[in-house]
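*Asks:* Fit chains B and C to the supplied structure of chain A, relying on the hints for placement.
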Amino acid sequence: MRQVATLMSIGTERQGLIEITDRIVNWADAQAVKVGLLTIFCRHTSASLLIQENAAAAVRSDLERYFVRIAPEDPSAYTHDDEGPDDMPAHIRTALTPVQLTIPIIDGRLVLGTWQGIYLFEHRRRPHSRTLALQLLGA
Amino acid sequence: MRQVATLMSIGTERQGLIEITDRIVNWADAQAVKVGLLTIFCRHTSASLLIQENAAAAVRSDLERYFVRIAPEDPSAYTHDDEGPDDMPAHIRTALTPVQLTIPIIDGRLVLGTWQGIYLFEHRRRPHSRTLALQLLGA
Amino acid sequence: MRQVATLMSIGTERQGLIEITDRIVNWADAQAVKVGLLTIFCRHTSASLLIQENAAAAVRSDLERYFVRIAPEDPSAYTHDDEGPDDMPAHIRTALTPVQLTIPIIDGRLVLGTWQGIYLFEHRRRPHSRTLALQLLGA
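Read top to bottom, the protein sequences are chains A, B and C.
At position 124 of the first sequence the residue is numbered 124 (the working numbering), and the sequence of numbers has no breaks.
Numbers given in the working numbering equal positions in the second sequence, counted from 1, plus 1000.
Numbers given in the working numbering equal positions in the third sequence, counted from 1, plus 2000.
Bound-form chain A, shown alone (with noise of 0.2 Å):
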């Protein structure tokens, strides 16, 4: 059993789902573990991570509306607004999806499905720098 840990910046340019499996599938196939265990920590309280449809364009700007919607940008609905309008929806799109995804290696792979892609959900308008933790586990 060993054990191989980095952080990994992604840029991003708007609000929405950016993919990022093949950084993330390239990283995990690099440590070329048979067996094992990856965990993907987002250190961020208005960015998220979710696994989601990678076929469809359309299930992404869908669930992205579905978001706006339940979690909208209404001033009167919030005490906290340091950062703007969209500063409280994004805490609370973080609240309702996950920062930390597990995922096992078998036979030398990720067992994410046919039509799993793993996103970072950025929930602020302006461009940010985020930060991810990646740890894994494995032999």
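Because the hints were derived from the structure by calculation, they are not lab data.
A hint or two may mislead.
[As the list claims (entries may be wrong)] For each label pair, taking beta carbons as the anchor points, the in silico distance ranges come out as:
#, chain 1, residue 1, chain 2, residue 2, range
1, A, Arg-65, C, Arg-2023, 36 to 46 Å
2, B, Ser-1009, A, Met-1, 24 to 34 Å
3, B, Asp-1074, C, Glu-2013, 15 to 25 Å
4, A, Pro-75, C, Asp-2107, 22 to 32 Å
5, B, Thr-1114, A, Asp-29, 38 to 48 Å
6, B, Asp-1082, C, Asp-2029, 27 to 37 Å
7, C, Ala-2058, B, Gly-1108, 40 to 50 Å
8, C, Asp-2081, A, Ser-129, 22 to 32 Å
9, A, Val-4, C, Arg-2023, 25 to 35 Å
10, B, Arg-1126, C, Asn-2026, 42 to 52 Å
[As the list claims (entries may be wrong)] Straight-line distance between alpha carbons at most 25 Å, and here's what the computed PhoX-like set of lysine-lysine pairs gives:
#, chain 1, residue 1, chain 2, residue 2
11, B, Lys-1034, C, Lys-2034
12, A, Lys-34, C, Lys-2034
13, B, Lys-1034, A, Lys-34
Using N, Cα and C, we set each Cβ at its ideal position, and we do this for glycine too.
*Replies:* Structure of chains B and C alone, referenced to chain A:
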């Protein structure tokens, strides 16, 4: 420290919460570790996992109705409907609930609380065959 | 590689977010691992865990109000009310937030971001004693 992993198939008949506690606990117990960590990963984008009340059945039916209410089948709300009106609500309900659970093992047992059961949450109407990946680390 | 596990009790006085960052970090630090993985598991179906903003208190009160709004105490909406009107909303709020968090340790420290605190989210009105299971793997 050693690790063991497997794939487990679950057949679903209808939308809703399907208890899988016994199957998971039996598999974990058979690995006979004293301290460890079990990870369950659902390889789908229209089914998820949930730890919830295992006693009153009304909790499950109330939960099922709640998710129908907050992510309804409403063709006017979504662009994506490749597989019918339950397609996009299934993706949304999956985004709002975990696809991965990691549960410690202490004193040879999963640390589930007295009232905690493990459920597969099927979000599609028609029967499906779902695959879970299980990975256990321990000693 | 070694592992250590413990149970931690948290007393809650009221509904809402209770910061437990210091207790978790102190326990993890005391295990003195350089690289590893900490898992926190909440053994209840009416309390959960959340990583959120640790600076502005208004973020927490806005979050608490948000969950009251999307899963309100509304006897007409639920069948299950064995323990009163806050019973079923507590199960729903638990389903919408994590009961388990796994956080990497790199360079001897949990990789929490600058603004990330760890909270126990109590969803019942009356005081409760909650138990968390902590498991740490590392070297």
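*Asks:* Now tell me if each hint is right for this structure.
*Replies:* Now for the hints, and whether the structure bears them out:
1. A:Arg-65 with C:Arg-2023: 36 to 46 Å: 39 Å Cβ-Cβ, so the 36 to 46 Å window holds.
2. B:Ser-1009 with A:Met-1: 24 to 34 Å: holds (28 Å)
3. B:Asp-1074 with C:Glu-2013: 15 to 25 Å: violated (40 Å)
4. A:Pro-75 with C:Asp-2107: 22 to 32 Å: violated (40 Å)
5. B:Thr-1114 with A:Asp-29: 38 to 48 Å: Hint holds: Cβ distance 41 Å, inside 38 to 48 Å.
6. B:Asp-1082 with C:Asp-2029: 27 to 37 Å: Given about 50 Å between the Cβ atoms, the range is violated.
7. C:Ala-2058 with B:Gly-1108: 40 to 50 Å: For Gly-1108 of chain B against Ala-2058 of chain C, whose Cβ atoms are near 45 Å apart, the range 40 to 50 Å holds.
8. C:Asp-2081 with A:Ser-129: 22 to 32 Å: violated (47 Å)
9. A:Val-4 with C:Arg-2023: 25 to 35 Å: holds (29 Å)
10. B:Arg-1126 with C:Asn-2026: 42 to 52 Å: holds (50 Å)
11. B:Lys-1034 with C:Lys-2034: holds (23 Å)
12. A:Lys-34 with C:Lys-2034: holds (23 Å)
13. B:Lys-1034 with A:Lys-34: The given pair, whose Cα atoms are some 23 Å apart, holds under the 25 Å limit.
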